[in-house]
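**Q** So you can see what is in the structure, the chains are spelled out below.
Number of protein chains: 2
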Amino acid sequence: MLVVQKYGGSSVANPERIKRVAARIVETKLQGHNVVVVVSAMGDTTDDLIDLMKQIAENPSEREMDMLLSTGEQISVALLAMAIESLGEKAVSLTGAQVGVVTDNVHTKAKIIDVHTERMKAELKTGNIVVVAGFQGISMDNDITTLGRGGSDTSAVALAAVLRAGLCEIFTDVDGVYTADPRIVPEARKLDIISFDEMLELSHLGAGVLHPRSVELAKKYKVPLHVRSSFNNHQGTVLKEVEEMEGINVVTGVAHDYNVAIVGIFDVPDEPGIAMKIFNALSDANINVDVIVQSAMRNNINDIAFTVTKDELMKTLQVVKDSQEKVGYKEYSCDDKVAKVSIVGAGMASYYGVAARMFEALAEENINIEMITTSDIKVSCIISSDDTEKAVRALHRKFELGAV
Amino acid sequence: MLVVQKYGGSSVANPERIKRVAARIVETKLQGHNVVVVVSAMGDTTDDLIDLMKQIAENPSEREMDMLLSTGEQISVALLAMAIESLGEKAVSLTGAQVGVVTDNVHTKAKIIDVHTERMKAELKTGNIVVVAGFQGISMDNDITTLGRGGSDTSAVALAAVLRAGLCEIFTDVDGVYTADPRIVPEARKLDIISFDEMLELSHLGAGVLHPRSVELAKKYKVPLHVRSSFNNHQGTVLKEVEEMEGINVVTGVAHDYNVAIVGIFDVPDEPGIAMKIFNALSDANINVDVIVQSAMRNNINDIAFTVTKDELMKTLQVVKDSQEKVGYKEYSCDDKVAKVSIVGAGMASYYGVAARMFEALAEENINIEMITTSDIKVSCIISSDDTEKAVRALHRKFELGAV
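One line per chain: the protein sequences are Z and C, in this order. If you're matching positions, the first sequence starts at 1 in UniProt numbering and goes up one per residue. If you're matching positions, the second sequence starts at 1 in UniProt numbering and goes up one per residue.
These aren't lab readings, by the way, just hints derived from the structure by calculation. One or more of the hints may lead you astray.
It does not matter which identical chain is meant; a pair holds if it fits inside one copy or across any two.
Said to hold, decoys possible - With a Cα cut of at most 20 Å, we get these calculated DMTMM-like pairs of lysine to aspartate or glutamate:
id, residue 1, residue 2
1, 321, 331
2, 109, 216
3, 121, 143
4, 121, 141
5, 321, 303
6, 337, 58
7, 54, 16
So that you can see chain Z by itself, here it is in the shape it has in the complex (with noise of 0.2 Å):
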């Protein structure tokens, strides 16, 4: 069979780690698998390198970005190759140009375009375990490119789509997906199976554990997919479509997320499709708009208010104060103290309620519900980020997640 296995920055920290992941590779390689590895940067490298780049520009171009940070993938690729080899075993790195990971040219958050297979294949065929830099892709115009937050997720999904690979694991620091962040919620549970769409829906909404592209793209093309720990061989947790499943619950978990900010624009005239430009504006900048509330305050007068990632606020609200002309408003603001909080579950589309039950639980704990937004199988709330423990646990509780 030929196995993908993908190990994050913490499973590479330090030469102690690499060489624990090397050997749990050879192992892999010795029960007769092929093996294609996907690696992210060591730990702290990329901080190092943001770090180094804040002391010589404030505003560095995207693509200058993605050649500096490139690197740090291709640094681990080559150890853990040297890790293995010095365990007897054949190993070749390769960089994501290498592989020929093409990609459009949105540097910083990449979208693979297509993945060759023949430069793996041939690696494979000659006994190689192939091991490959996570997060990274070239341009059709030979650019070095990154695939954005969660970028090695996908790259690891994208390689297993090409090669029809047996299995796809996803080795992290925690032992699978939970019912909720352990950290807040103590008797939150391990899910031994969950389905792509609720996975999608938690990844979206902030639990960590998988970048949604890569969800999104094993959907897609069945990829079969297992979330598990790289510090240990407990069982992790399995990814499958629902009709593979054999219950369906109405709330499967629940996720947060302190990567939002709220824009707000004010006295904008409530004129046909003067509202839409500012989003194509945000969408020209490639900026993600998730939460959008507009409100008739007055006569011909809005108000609109949006989300977006923390990270994003800066590039959001110069975006915002160049097109005040063009959009009409007289005022914006922005708050970045506040967080999401969501619950999941594949059967809430069947159930009536699930929402109230929702601001019902928030209610209780008198936490304000800034904005709200829903999907077949998911409500998220926007509340203030000093609220988000206090909610998170409430929900969990409310809908019995730590009960098996």
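Dock chain C against the given chain Z, drawing on the hints supplied.
**A** For chain C alone, kept in the frame of chain Z given last:
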């Protein structure tokens, strides 16, 4: 005019220095020139990476070493491009692979086969300052290679050659080429001009300012080369063909090199061709042998001694051991407590007695000569490394190099 500038590791050792180098580059650009910059890895980066590597593998494969070490230059080009951009000029960084510096596949000391110019020319045409990672290339198999010691000099000269640059400036931490190492000989004089051939010998003999391969390339493609300090604006040393020079020195400079080790093999059967077997084996292992001395001590039995660089002593001894049966020698020995001192001068060939004066100078200081090798424009002696400084000073005095 198109100017190629090369900055070594000490010139970009920290953010402050990178900014200073950026300012210098922008100055050149604002004088109306097109600028291509070649950069080495920041000061200690390479050492840090080697430290990491040693914690992981004792004897890592050279392919993976190249993969690892090439990240050093990628970091410095990205940072330098950012620094240039923040001064308001357009810049783009390129790896060896992106430029298309095509090399053979002899990892850790690859030779350049071809350099593509399309990408660099396209970037120059859009007004970009092009910042190229020195020291690295890409093999026909799409593997990352490094050019070995002094590789960034070679990169710079190769780029200047293919781009037909009007000037190639090698910026370093000294003011130019000196008659001897000023740290050893305080009265050493900076040379305003030196012939390619003299520079070639000097660099082969351990004067660290320029790597011999870069000088060879510059001579072959008539690249106008200027070696100068990155810390001031002084005129440095210009390299010329001998016929373009006004006067020719009998002795131009004194060089010394601690990176030398002697290997001896004893009791080699004196059959035709048998001695060559050891050198063929060393050549197959890509080890450069410098001085060779063969002495017929007794009937049909030879002793052979030769020198290699200290770096390659371990590898050399392995080859020597492995070929004992084939070569049929009885014993071997090695000595790394030696150094090479040399005198170089383009006019040497037309004068008698230059070598004799060198031996006299060493004899006056009671310095024992272990091996001698000569060429048209140099005489080198292998001596005890403890005597090196004394020897260099004596030779500098003997040939009156301090006088203006």
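**Q** None of the hints should be skipped; say for each whether it holds.
**A** Hints and how they fare:
In this homomeric assembly, residue 321 and residue 331 come within 20 Å of each other (Cα to Cα) only inside a single copy, at 9 Å, whereas the closest approach across copies is 81 Å. Only within a single protomer do residue 109 and residue 216 lie at most 20 Å apart by alpha-carbon distance; the minimum there is 16 Å, versus 44 Å between protomers. Within a single copy, residue 121 and residue 143 get their C-alpha atoms only as close as 24 Å, which misses the 20 Å cut-off; across copies the closest is 16 Å, which meets it. In this assembly of identical chains, residue 121 and residue 141 lie within 20 Å of each other by CA distance solely across copies; the values are 14 Å between and 24 Å within a copy.
Taking the shortest Cα distances, residue 321 and residue 303 sit within 20 Å of each other inside one copy (16 Å), while across copies they are farther apart (83 Å). Proximity of residue 337 to residue 58 under the C-alpha cut-off of 20 Å is found in neither arrangement, the shortest distances being 24 Å within a copy and 50 Å between copies. Proximity of residue 54 and residue 16 under a CA criterion of 20 Å is satisfied inter-copy only: 12 Å between copies versus 30 Å inside one chain copy.
Of the numbered hints given earlier, the model fails hint 6 alone.
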